[in-house]
Amino acid sequence: MTTHTRGLFEALEDIHRRPAPFSAYTAPLLWTDEHIAHQMLAFHLDPESAPASRPHAFIHRSAAWITRHFDLGSGARVADFGCGPGLYTSRLAAAGARVTGIDFSPVSIAHARRQADRQGLAIDYIQANYLEWQPTGSFDLITLIYCDLCPLAPEQRRNLLITMRDALAEGGSILLDVFTMAAFAGRQESAEHGRNLMNGFWAAGDYWGFRDTFKYQEQQVVLDRYTIVEPGRTRTVFNWLQYFTPEQLKEEFASCGLMVTERYADVAGAPFAGGEVLAVVARRA
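So in numbering that gives the first Met the number 0, spot 256 of the sequence shown is number 255, and the numbers just go up one at a time.
None of these hints come from the bench; they were simulated from the model.
Predicted model, so just to flag it, every value in this text is computed and none were measured.
Quick reminder that beta carbons are idealized off the backbone N, C-alpha and C, glycines included.
Possibly wrong hints are sitting among the right ones.
What follows is a set of in silico ranges between Cβ atoms, one per label pair, in the way DEER data are often shown [what the hints assert, rightly or not]:
| id | residue 1 | residue 2 | range |
| --- | --- | --- | --- |
| 1 | Ser22 | Ser189 | 52 to 58 Å |
| 2 | Thr235 | Asp70 | 41 to 47 Å |
| 3 | Asp116 | Pro270 | 34 to 40 Å |
| 4 | Ala121 | Thr235 | 38 to 44 Å |
| 5 | Leu11 | Ala121 | 17 to 23 Å |
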């Protein structure tokens, strides 16, 4: 009994130990595990759900603003990094843009292709990790929406921004959004566990789930770490989020040869007044 207890204690110590910021990268699991990928797709397709994408009413309004603001109806070339099941790409293509969508998830890309076929939209969907994908053409607009820059480590962000910069056509723009320090202030450290945590999100069978939230004040980073214990295997998912001030984001873009030219509160063009999300337009410096 003593030996068993010591082993359990050490396992729990490992589960709840604070790691160094960005010391592990497990995002591919969210998109390549078939069960989790289908759970993520269900979140995407729920018109009121927020865990994977914003509510569909906002997406519709946002896509309309993007089309007007960047004059996409004239056949502009658009690349949507992390396109998911095509919630933005389908709307932008229907408005007249020539759209490429890139996403890691085979499940999401398959759904997006089916929807494009049903709607008669000629969208080029590419199933790939956009951190590794190298564009072969140039684009008038590149989008990275729903704060997808924030889960990336500094070097990953730098490499991605340089890839985007090099793929911009003359006069082209990048549109993306990030979480701000106002959002960081609202995050708190916590821990929870439960059987089939998050209503079976993490596995098709029975499991125990542990979630630990760590806040790194100096680095302005939050980690939600999930440990999933199933019969026969244990998996850990690291969900990092970097939070930015407008000045820090501007400097990070500048270090990659990009200039922030516009700031908004969201990707629907609302004025920025210090809220929890900052959307920026950037161009090649």
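Against the structure, the hints come out as follows:
no.: 1; hint: Ser22 to Ser189: 52 to 58 Å; verdict: violated (20 Å)
no.: 2; hint: Thr235 to Asp70: 41 to 47 Å; verdict: holds (45 Å)
no.: 3; hint: Asp116 to Pro270: 34 to 40 Å; verdict: holds (39 Å)
no.: 4; hint: Ala121 to Thr235: 38 to 44 Å; verdict: holds (41 Å)
no.: 5; hint: Leu11 to Ala121: 17 to 23 Å; verdict: violated (53 Å)
Against the hints set out earlier in the document, violations occur for numbers 1 and 5.
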